[in-house]
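Asks: Add chain Z to chain Y, keeping to what the hints say.
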Amino acid sequence: MKHKHKRKKMKKGTIKLQKRLMDQNAVEILKRTGFATEQQLNQLQNLLNNEDLIKLADAADFCGKLKKAGHAMEQQLNQGLQNLLNNENLTKLANAAEFYGNVKKTGLALEQQVNQGLQNLLSNEDLVKFANAAEFYGKLKKTGLALEQQINQRIQNLLNDEDLVKLANEHLDLLSRNFRALQNTIEVLFNILQVPTKNDVANVAKLTLQTEEKVDNLEEHIIKLTETVEKALCKDMKAKKGSKGNV
Amino acid sequence: MSENRLDKDYLKLEKERWTGFFNAFLSLPPESDITPRNAIWKKNKVTLWYYPAKQKKYNIPLFLVYSMVNQSFILDLAPGSSTIEAFVHEGYDVYLIDFGVPGYEDKDLTLNDYIQQYIQKGVQRALRHSKAKSVTIIGYCLGGTLAAMYTAIAEEPVKNLILTVAPIDFSTFPIFDKWLMAAQNGQLDVGRVLETIGLVPAPFIEAGVRMITSPLYFSHYLSLLNRSYDKEYVQHWRRFNHWTKSHIPFPGASLKQLFDDMIKGNKLINGGIQINGKSMDLHNIHANLLVLSSKYDRLVPEGLVYPVMDLVSSEDKTYISLEGGHTGVSPAYLRNWLHERSEPIVTANEK
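Chains Y and Z, in that order, are what the protein sequence lines are.
Per our numbering, the first sequence starts with residue 18, numbered consecutively.
Per our numbering, the second sequence starts with residue 124, numbered consecutively.
Hints were generated in silico from the structure; no laboratory data involved.
Do not take every clue at face value.
Unchecked claim - Simulated restraints, written as ranges between beta carbons of each label pair:
(1) Y:LEU175 to Z:THR367: 40 to 46 Å
(2) Z:HIS409 to Y:LYS258: 39 to 45 Å
(3) Y:ASN234 to Z:LYS401: 17 to 23 Å
(4) Z:THR295 to Y:GLU187: 53 to 59 Å
(5) Z:ASP404 to Y:LEU242: 29 to 35 Å
(6) Z:GLY394 to Y:LYS159: 43 to 49 Å
(7) Z:LYS179 to Y:ALA256: 32 to 38 Å
(8) Y:LEU164 to Z:ILE443: 41 to 47 Å
(9) Y:GLN170 to Z:GLY426: 16 to 22 Å
(10) Z:THR367 to Y:ILE239: 39 to 45 Å
(11) Y:GLN166 to Z:ILE443: 24 to 30 Å
(12) Z:ILE443 to Y:ASP180: 40 to 46 Å
(13) Y:ILE239 to Z:GLU446: 47 to 53 Å
(14) Y:ASN234 to Z:HIS409: 26 to 32 Å
Stated by the list, open to error - Cβ-to-Cβ under 8 Å is the rule here; a few derived chain Z residues that face chain Y:
(15) TYR227
(16) THR295
(17) ILE298
(18) ALA305
(19) LEU311
(20) SER337
(21) HIS365
(22) SER369
Backbone N, C-alpha and C define an ideal beta-carbon position, used for all residues, glycine too.
This is chain Y alone, in the form it adopts within the complex:
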């Protein structure tokens, strides 16, 4: 605000000064033509010789010079900028920026194309069939396992019953008595019929096992004996070597 006010004041001062300068010429004209008195002319001269008025005139001169210098500088700057913008490297840079912009655009377009392609591929009915089939068998397995566990839990809970334990114990007793009686009857009957029973076969096998046991024990003894003899021989050899060394 202050600056604006000063500028306005300066402008007014400049206009007044120009008028007064015109008036100074006018004083000369008045003097020559004799339109004004000597006293009046002196007063006018004094008025024009005022210091402030001179300062104002110098200021107006400075403003004009400043304006000219400003114009020149503006022209120089514009020229410099134009030269700068005409630089080849700057052109290259601009081209590079454009290139990357194009790359970005192409990339985006490609991404969109790929996405579209993938969506088309995934929405293919056959592929859905494959996926559904794999999913179906996987789900079947899981559901089957869960069902199996549930059924088994139910069966085990049903069987885990005190009355059932008592019933089983009674029946086991009855079953073992009946089986024993049947086995005895078969033994007697097969004996008469001269047919060997499983017990007869087992008894023969046991005889073989007894023999095998004896052979195994004998083998153990032989191995132990062999080891003892080998150790004794080793000791003997060492003792002989020792005695030879002493001689």
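Replies: Just chain Z now, kept in the frame of chain Y:
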């Protein structure tokens, strides 16, 4: 054109799926027991198999004891899914005591007989054969129970003991608790019927195991159908399915002892078992102990396995509870534990 091709692919997959599914039942299962082995001792039906290490890296051999209710080929099922193969590749000499299939003449064999006549003698033979100073015993399921019982009375040097899903404490059982209570109170006695039958047939054993795990069992067929187009999966499924149906007869005397001493008397915890005049006490176990159990094992739940940890006198004892079922225990967990305790052979380069 493309629609026709996809239609064909879809039909081809479905055809492969159903062909694979039905073929799984029409032919014999592929062979198991694939790792090279030699029989170094035989007695009755029992065979002691020796699996030499690919490149021996440990001084202490492994002695495997498998369960008495099923066959041991599950430990060497197929290339890439074989416990024994993994051990052999790791550099261990492996010995497996295979109890074979008992006959009617074996009906009087008790658990003590199995321990004394087969396991103990087998360990002696393995030690002599390997010329090792001590042995690592690994027991699976009921084989683990027998291994623990043997270690408690062992005169042989047992350095490490590994019990895999081995039942020890029979005081509680989550399924059929009323049957267990009746047995413990003397209201249920199976002794007489076992004496009468003599040798409990394999289908009875299978039925018993099924009753505890899953009385109705069909989910494995759905698993097969889900992936029956995959030939490798079908091969594995057939092998495993064959094993699940390969139960073996159980000597009546052994089952009676199992019922009386373990289920009824819980004598592994309470004491009172005599083997060859020696008192079998789990406190006598001083070997390094690793106990493995499975979280989802319905046949041998964790509650039956863990109590052994408090009974043994071993200073070095570890308990690991794994994700999985009764047969899902991987040897990978054993690798680090065993490595440190099996006296690795130091080569000249390593020195």
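Asks: When the hints from earlier in the document are held up against this structure, which numbers fail?
Replies: 1, 4, 8, 16, 21, 22
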